[in-house]
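Protein chains: 2
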Amino acid sequence: MERPIEKITPFIVMDILARARQMPDAVHMEVGEPDLPPSERVTEAYIKAIKDRRFFYTPAKGLPELRERIAEYYSREYRVNVSPERIIITPGTSGAFLVVFALLTNEDRTLVLTDPSYPCYKNFMYFLNREPLFVPVSRDTDYELRAEMLDALQGIGAVMISSPSNPTGGLYSEETLKNLIFYAEEHGYWFISDEIYHGLVYEGRARSALEYSDNVVVINSFSKYFCMPGFRIGWMILPEALVRKAEVVVQNIFIAANTPAQYAALEAFDAPYLLKVRETFKERRDYLYNALRGIFEIDVFPEGAFYIWADISRYSNDSLSFAERLLAESKVAVTPGVDFGSNETANHIRLAYTRSISELQEGVERIKAFIERL
Amino acid sequence: MERPIEKITPFIVMDILARARQMPDAVHMEVGEPDLPPSERVTEAYIKAIKDRRFFYTPAKGLPELRERIAEYYSREYRVNVSPERIIITPGTSGAFLVVFALLTNEDRTLVLTDPSYPCYKNFMYFLNREPLFVPVSRDTDYELRAEMLDALQGIGAVMISSPSNPTGGLYSEETLKNLIFYAEEHGYWFISDEIYHGLVYEGRARSALEYSDNVVVINSFSKYFCMPGFRIGWMILPEALVRKAEVVVQNIFIAANTPAQYAALEAFDAPYLLKVRETFKERRDYLYNALRGIFEIDVFPEGAFYIWADISRYSNDSLSFAERLLAESKVAVTPGVDFGSNETANHIRLAYTRSISELQEGVERIKAFIERL
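Here the protein sequences come in this chain order: Y and X.
Sequential numbering of the first sequence, starting at 0, is according to numbering that gives the first Met the number 0.
Sequential numbering of the second sequence, starting at 0, is according to numbering that gives the first Met the number 0.
Just so you know, the hints here were simulated from the structure itself, not pulled from any lab data.
Please read all numbers here as calculations on a predicted model, not as lab measurements.
From the three backbone atoms N, C-alpha and C, an ideal C-beta is built for every residue, glycine too.
Every beta carbon over 10 Å from chain Y, so not counted as near; a handful from chain X, in silico: (1) Val134; (2) Glu184; (3) Tyr211.
Restraint-style ranges between C-beta atoms, simulated for each label pair: (4) Asp14/X - Glu239/Y: 18 to 24 Å; (5) Glu64/Y - Ile294/X: 36 to 42 Å; (6) Ala151/Y - Glu210/X: 54 to 60 Å; (7) Phe181/Y - Asp14/X: 35 to 41 Å; (8) Arg20/Y - Ser212/X: 30 to 36 Å; (9) Lys50/Y - Gly154/X: 48 to 54 Å; (10) Asn105/X - Ala151/Y: 31 to 37 Å; (11) Lys50/Y - Gly293/X: 38 to 44 Å; (12) Ser355/Y - Tyr72/X: 38 to 44 Å; (13) Arg292/Y - Glu5/X: 51 to 57 Å; (14) Glu71/Y - Asp14/X: 27 to 33 Å; (15) Pro271/X - Glu210/Y: 54 to 60 Å.
Just chain Y, same shape as in the assembly:
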């Protein structure tokens, strides 16, 4: 029998990225990290932390000051009251997923994920020797997981969604989010909200799961909106009953996250700078969405994150070979849908707008020319 850990799959996009990096004139529409730097205030605080020799371990839960800043941010941004005691700093959201999945699932009660979704989610579960349950989502429900889709499922420990979503860029409606949270609570399992793309929302407003319940797990990080991916600093906000358990796990398996980066993150909530980040990505989104609409079917309007989920079925039903040929022949790197699951992923690709508009324009021109030759 195959052990679950053997099922951990490499990101296909990483191979594409590696090949694209060999091409000096490739257009990168595959990269899931922002090209913008963090606020200057962050950089200055980072340097100061190093000059001040902030080189010792922080407490396992993270710098108390940072946990307070995050709590303040939730109060300002979402009007929710979160005690810093419920916030734990982690090495990226990756660290949070590992701890939370380990605590909230077991051999009998597993994790529900959408198909498609972020490829690592399932791999954390395989790492823990557990099999997640996948619920296919599609344009029929705006790629949202809806509470009624959980009716038929047995053995759930936790349900997890991301909004804005990777790979679609779609934002869950308030109604769907609220219903899911109440449904999970009513049925006695946990709700986990991956809010890493919050802030990068160009229409309406992303609601935190915390606006509906204190009994949910929220995971977020400084890697996307705050433009600090290589810092590897994320956080999780936990119901009180889980805090001490999670702290003990974190203390043992991570010790703590990088210390100077935690000091730098104290300056991350730089509102004027973050506004500029959002505007930059909104302009790119507007450009790319309008440019691609004439080429591909786009199932879901990308209200957030920095991705567009494009249906390529006019041209191909094999997203992997489509992506490979697009790279080899036209030097445009995109992520094949199959990286994200098996539900209609062979006829989708994900395009990221983590590059300047002029680079995106070049990419679009090359895609058009590539398609004409098909």
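Go by the hints and put chain X onto chain Y.
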């Protein structure tokens, strides 16, 4: 039935540390991180990395240049040839333990650890839902695990030791180390060598497991000898057959280690500075060992690391309450033996020499006075 993850224990030393930090005049002999800063070259490289905006993710295996520097270090230090391809950078040794234990053990084949040993080892296994096997070690074998002790054991996936050892400071003899490696290989299980205290060796020379076989796993980090604990940068050196599997796991569960800290680590191999680090710790070791010898029985001569494992049975058979009273009454923080296992740990404490000699002297005076009052 208790789930293994529920068995993850908090470090008792963390509670003691937290209490000691509330006392402005406490003497810290509990802390497992060096008080010395890293080399100035490291600090400068760290600042330069930030000014150069090295904020993107590195490849999952880590910066290629850093992996090359580590390979060169093994060539200089141990005269072994290690391809950088076999080296993976991890978030501290913590990250390496997690990945290696997940890959090399399963439900049927577990990890052998000594009792006493570093408390987290077992907790990584509990996190992975597995039960380690403990082999008691004591003064009878210089606290070494010996190959013949494995004869009676069944269901082994890997055997792990640390040398110099935490908590004893003892260094494995070449003979014992070599025998263990060959024995494991012969019996078809893996040998894992935690070499995090290498460099901090004051008599003789620590041998890397790689000097005897390429078919072993070596784990190390910049946290101790290189004085960079809060950087959270470690590494693992793997047999070729495991490299790709480990890379895929690392890519999924960590993405990569902190980027600026990896650039800083490029300058860590600063031989003149490291010599001073070693000399500083040797002087402290000499002082503390001689001072404590008159007070406690010391089972094993502390040739390395920065710990002394002291037998307190003249005074107490309850190391936890001994440590608690010593802190409360005399403001000296030490680690109770029970943090490290259950084999004769109730009559031992661990004393760290991670503070200046004058602070250690003050600690010794207070311990003497405390004992006189017992």
